[in-house]
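S.K.: Residue strings, one per chain:
There are 6 protein chains.
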Amino acid sequence: MAQVRLIEYRDASPEVKAVYDDIMKARGTDWINNFWKALANDPRELKRVWEAVKSVMGPGALDPLVKELVYVAVSATNNCEYCLHSHIAGARKKGMTDAMLMELMAVVALANGNNALASGLRIEVDPQFR
Amino acid sequence: MAQVRLIEYRDASPEVKAVYDDIMKARGTDWINNFWKALANDPRELKRVWEAVKSVMGPGALDPLVKELVYVAVSATNNCEYCLHSHIAGARKKGMTDAMLMELMAVVALANGNNALASGLRIEVDPQFR
Amino acid sequence: MAQVRLIEYRDASPEVKAVYDDIMKARGTDWINNFWKALANDPRELKRVWEAVKSVMGPGALDPLVKELVYVAVSATNNCEYCLHSHIAGARKKGMTDAMLMELMAVVALANGNNALASGLRIEVDPQFR
Amino acid sequence: MAQVRLIEYRDASPEVKAVYDDIMKARGTDWINNFWKALANDPRELKRVWEAVKSVMGPGALDPLVKELVYVAVSATNNCEYCLHSHIAGARKKGMTDAMLMELMAVVALANGNNALASGLRIEVDPQFR
Amino acid sequence: MAQVRLIEYRDASPEVKAVYDDIMKARGTDWINNFWKALANDPRELKRVWEAVKSVMGPGALDPLVKELVYVAVSATNNCEYCLHSHIAGARKKGMTDAMLMELMAVVALANGNNALASGLRIEVDPQFR
Amino acid sequence: MAQVRLIEYRDASPEVKAVYDDIMKARGTDWINNFWKALANDPRELKRVWEAVKSVMGPGALDPLVKELVYVAVSATNNCEYCLHSHIAGARKKGMTDAMLMELMAVVALANGNNALASGLRIEVDPQFR
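Residue numbers (the working numbering), protein chains in the order written: chain A, 1 to 130; chain B, 131 to 260; chain C, 261 to 390; chain D, 391 to 520; chain E, 521 to 650; chain F, 651 to 780.
Hints in this document: simulated from the structure, not taken from any laboratory.
Hints are supplied without guarantee of correctness; some may be wrong.
To be verified - Within a straight-line C-alpha distance of at most 30 Å, the following computed BS3-like cross-link-like pairs (lysine-lysine) qualify:
#1 A:93 x B:224
#2 E:574 x F:744
#3 C:307 x C:353
#4 D:484 x D:444
#5 C:277 x F:704
#6 B:147 x E:614
#7 E:614 x B:177
What the hints assert, rightly or not - Just some of the chain D residues that point at chain A, by a computed CB distance under 10 Å:
#8 391
#9 395
#10 434
#11 438
#12 442
#13 446
#14 514
#15 516
#16 518
Owing to the predicted nature of the structure, the values given are computational and were not obtained by experimental measurement.
For glycine and all other residues, C-beta sits at the position ideal for the given N, C-alpha and C.
Next up, chain A with everything else stripped away, as it sits in the complex (with noise of 0.2 Å):
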């Protein structure tokens, strides 16, 4: 059970119903899902947090697609039972495999075990890097 409560549509405020719909209209829902509704606690925190979702992971210099795998390859690291379940949903609908998930998870996976092996035995970036 969530920390705070989970605010419904019926009980929102004008405020966080605007979210809302803006949130189901971009997403083409008609439902809303619990980290929306838990951030609604805090309007002011709720709008911009969604505010940012749209900055961030809409079309630019990446894809749309490409940002979702990043943002799996990070709560995957983070072990973010939440924002697994919602942004693997998220990258299936934007095209999302399931041979890419497997390689992408092989990449998340490379890279923590290499990670801590650089870290770990402290090795000096090469001048060449910098």
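Following the hints, complete the assembly by docking chains B, C, D, E and F onto the known chain A.
M.R.: Just chains B, C, D, E and F now, with coordinates in the frame of chain A:
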């Protein structure tokens, strides 16, 4: 200074030299970076990690640049200085621009922040995501 | 299920019972939470950790509520389910409101995000900060 | 050396200069620290992160010094060198003494240690905490 | 529920079956745990990870029980539920007692705590250690 | 430069000197490393952490070298520069060879990689492990 001796090409056993040669050939370079020189203290591990890098980071369902971006994202999350330097260099070589790096880091920051929010508030996974 | 037996009061050695009694007295409760019942498998460690909690979390230059908030912030960053549940409960008992919890998590998310940005881009510390 | 160019005030676009001016005004300083100079490579992200810092770290249900302490606690847990230097400086400016810093770190260490104990032993959350 | 299908022995390709057979033979068991069934969605990665486990966790300069203890310590630090369950089971099979597990976790907690202290206070490495 | 003054023996209070003396006696050395000099800003915490180190790292169900290896493994996972330097030195003093260090890091890398795989794919714990 690294915690183990860095093994230079001229001092390497034939077994290690064979891996070094394969690394330089695969990368089209004429030098070996410190990561491999440190691993060479355990030739079997050197070979294993290099084979893993070739297998995991090569083309497949995801393209090699996307894999480098994911590798950088994990290394930023883990704050691995060596891996950031070497894999940002690797990503640039494969076409990453400054604009792409900035967007990548914005996604990494957003994901790390939202991971903490979702985990900290113990938000339950919506049945729709399962 | 925990990886070790949880030692109930009635099954505890006198040494463990003494710590349990001190915990209940300090907290004004009549039950022992699972964390201590697990640690009781190593009575010396049980006593050491409990003495540390009393020493570190008590009043001093920082007040106990601030210390609970910091404890929760670390537990959110590490995604420790048990510690989040027990220390959010502890913080509420010391006066933390929902509004405070939401603001706390906003700071935790911001810091986790900006940590990744600063580490990932390898930004140098300004001489003015040293 | 940072992985992107640090954009100095004199070289900044009007959009970036406006954020820089707001930062210096809010802080009562006449210089910009490297974190912002690096973010300025992505002016939209620069503005977004600065607005987030203003919104999240300002007064509210928690006072700004407590927020700085929490920020430092997260940065210590993530071992972010840049953020530790900049936010310990920020906390001192808001009144943190050496005694407060030492107590803060004692709580951070205790929480990191106990997080590992609770997670490692897979201790179940007591029903009383839910 | 795992994010990919778990591939049962009867549904596996000959390539996957060969790895499954080798796992059961090496462990003297007649079943395959979920970790491998998930990896089997990428047969090359399945084989690579299994070969890595055999190579790294086998006898050498360190004995296999010590290696399992180290694996558990890392998994506790990362809070990996699956790995804790599977490798604590593995360590018990190799001789780990409850007393050893409790001492292991005490070291893990101490190290996690002191890591945060040393990193958070930015303590410089003594020249004697370099 | 550390974030607090390093307290030298000649400047220490009798309370701190007593701990310093005990550290040097226990280790058979005639100098104090920076970790303790920083902690000495909070004499009670200094004493507490030193007593913890003596209690946890001493002989027991696990031998002191194994404990040092575990400490190094955690420090590599957390990328704690100070702790890696001091505890790799400590482990070498207790008999760790280069071959043992290389194998230790191979286990650490494997575990960090597999932790990310198991967490990222949300693989369920097999009933046999519970």
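S.K.: Work down the list of hints and note, for each, if the structure agrees.
M.R.: Comparing the hints with the structure gives:
| no. | hint | result |
| --- | --- | --- |
| 1 | A:93 x B:224 | holds, 27 Å |
| 2 | E:574 x F:744 | holds, 28 Å |
| 3 | C:307 x C:353 | holds, 24 Å |
| 4 | D:484 x D:444 | holds, 15 Å |
| 5 | C:277 x F:704 | holds, 24 Å |
| 6 | B:147 x E:614 | violated, 37 Å |
| 7 | E:614 x B:177 | holds, 28 Å |
| 8 | 391 | holds, 6 Å |
| 9 | 395 | violated, 14 Å |
| 10 | 434 | holds, 7 Å |
| 11 | 438 | holds, 6 Å |
| 12 | 442 | holds, 6 Å |
| 13 | 446 | holds, 8 Å |
| 14 | 514 | violated, 15 Å |
| 15 | 516 | violated, 14 Å |
| 16 | 518 | violated, 13 Å |
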